[in-house]
Amino acid sequence: MKIAEDLSRVEETEKGDDLPNIVINETYCKGCGICIDFCPTDVLEMRGNLVAVKNLEACTKCQLCDLRCPDFAIQVF
Amino acid sequence: MAEKKKKFMQGNEACSEGAIYAGCRFYAGYPITPSTEIAETLSVRLPKFGGVFMQMEDEIASICAIVGASLGGAKSLTATSGPGFSLMQEGIGFACITEVPCVIVNVMRSGPSTGFPTGPSQSDVMQAKWGTHGDHPAIALTPASVQEIMYETIRAFNLSELYRTPVIILYDEIIGHMREAIALPEPDEIEVVERKKPSCKPEEYKPYASNNGDIAPLAVYGEGYRFHVTGLYHAEDGFPTNNTKLIGEANERIVNKVNKNIDKICINEEFYLDDAEIGVVAYGVSSKSAKFAVKEMRKKGIKAGLLRPKTIWPFPYKAVNKLAKQVKAILVPEMNLGQVYYEVERASRGQCEVKGIFKVDTEAIHPKKIMEEIEKFT
Amino acid sequence: METAATPKKTKKAKQTPFDYSKYIRGGKLPHIWCPGCGHGIVLKSLLRAIDTTGRSNNDFALVSGIGCSSRTPGYVDFNTLHTLHGRALAYATGLKMAKPNLKVIVTTGDGDALAIGGNHFIHTCRRNIDMVIMVYNNYIYGMTSGQFSPTTAQGMIATTSRYGNIESPFDVCKMAEASGATFVARGTAYHYGELEKILYEAIMHKGTAVIDIIDSCPTYYGRFNKFKTPSEMMEKIEKEGTIPLKQAAGLPPEKLQGKLIRGIIYKKERPEYTSEYAKLVEKAGGKSK
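Chains as they are written, first to last, in this note's numbering: chain W, 1 to 77; chain B, 1 to 378; chain C, 1 to 289.
If you are wondering where the hints come from, they were derived from the structure by calculation, not from laboratory data. On a predicted model such as this, the values are computed, not experimentally measured, just so you know. A portion of the hints provided could be inaccurate.
Cut-off 30 Å, straight-line C-alpha distance, at most; resulting in silico cross-link-like pairs (DSBU-like, lysine-lysine) [said to hold, decoys possible]:
1. K197/B with K28/C
2. K264/B with K318/B
3. K197/B with K287/C
4. K196/B with K28/C
5. K4/B with K287/C
6. K303/B with K368/B
7. K48/B with K287/C
8. K103/C with K206/B
9. K228/C with K54/W
10. K196/B with K103/C
11. K201/B with K103/C
12. K48/B with K283/C
13. K28/C with K206/B
14. K22/C with K197/B
15. K7/B with K287/C
16. K245/B with K28/C
17. K264/B with K4/B
18. K283/C with K201/B
19. K103/C with K48/B
20. K5/B with K283/C
21. K236/C with K201/B
22. K54/W with K236/C
23. K197/B with K103/C
24. K54/W with K226/C
25. K279/C with K48/B
26. K196/B with K287/C
27. K206/C with K48/B
28. K283/C with K7/B
Could you put the whole structure together from the sequences, leaning on the hints where they help?
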């Protein structure tokens, strides 16, 4: 899975088959916080200037973070 | 011997016919005196060839539309006059930096501003060279008869395709509205340059590759080469760059496309120049008076000669310099307050006297005036 | 169509995430837009809409003028043209006439389309030439760092309206409709799914389609006008500041005050320019493309 050819520094959180994968491209992320604020289950948080996963278990894979990310920086599957 | 097919027509009509002969299939323009007949003629003629005629909302839209159409593969033309030519300048710069072929006709009228719309002039010569901001290439042709308007329009399209740059045709209201019987060229009689298309794989296509001085072919939108065109400085692949080295190289390259081919682009008519002692450098309608004057002088035994640039930009510095070496003086009659005059002075490098004959009352320069000035040097 | 999903305790993926890589040019991301700028959300909606059409990348041309929104074409793998300030529609018109089979999409902003390009905007709508005009409307000149634009509301602060803007704003949709556009809609970056649907309909429409896309500029408009975060701007301007067409229909005018109507506002069939031109060519006895 890739967003663009030069996808780099992919941080993949894989904790077994039943848990969602949240991929954050730290090169693309600008830390605007939109994904954090619109996440209905409070999965994400700011770490430094970038977004990070805080509570993966709560993720419902609704993909709101992806759909409202202006920077092609986060995907959930 | 079969007589050539001749047709009686106006300069502006001849321009339209030349455009169609050259393969022009898109025209966008805005009505303005004294160029409007080009639009009127093409609105009738182009649809017959499946071509597009569009009357736009202004001259800015016109220059932009022809560049858009050219990227869609159509040889494109717009025609205007002074005020409209001023409005088009930014768009001409865009065509220069993006290297999109197109032809712009400016039928010169009196200015500045609205000036005297029906009055002829030759006062946009410097604007044709320096009108748009930034260093850029400039090719401008100055036909001097109805027949020549047709030929030079074809040449304008050829140069534009060959060098991937806008080409300007400058003539004045007098020739634009003058009627002459002209010979219509047969198909294939005059060379028509077609656009060089890329043959490489789309992913390897570089629309702005320098290719050691060879001009990169231009792909047509929608034919598989999904390239990017921008008025920002761009690298060989067409995408914007901040790299100062690439920016410098790109600017030099677009200017050098013309500068390095001056000998191929510049065409001059020489009239009684071989033994001339007094030279006249004239273009467009003023060259008609000058030619008459030179002929009259020769009848009197005065060795006058005429150098008539058909290409005013790039300026024929070499030819003028050579003439300056040979003659006592060069006269420059033009319908402005001194434009080409200064270029002639520059090219002459002090080797002879250079004198301008200027007129801006919207009446042509009378041959008598030129004769009087020639006689002053005998 | 509200797309905000309600949290469910299921761990199953509803769908695999949309793969934008088919449309994004390699090596061009990250884009130049500021943190929290809605342009990226709009672009993603557009790419999903284009994907739904099932047409090849070769069939689309993206044309733009100057400004933040106008940087869109550089990132996407179509026939792309980034032109002069305000002039995108004129270039797009020329291109469309030379290549009528291309689907031309213009990405432009409130300043580019309505101030410097206002004349081209109304005339393009008048011709009803087949084209999608996406106005990324963030009420500000972002690229030149925050001057008021033709859509900035009265009283708002910008670098050139420090005492509050005294000019009346344009309503993009009313202007488009009055000028002759045959598809007029409004969407927002916040309502990304609705926007995607509108854009798909706009692409499928034959004629001039104008979409007023309410979008946020947190860097300038937000900062000057006391919005704390990009998401707060999206909530207040895009969500609370708009109302769906259907919902608005039953409400009295006082309830609609300060709200912009979202959805496909106007749609009409009217002869389209390239088709009319083809007929003209036939009439003239020429061969059409």
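TODO: Would you list, in rising numerical order, the hints stated earlier that this structure does not obey?
DONE: Violated hints: 18 and 21; rest satisfied.
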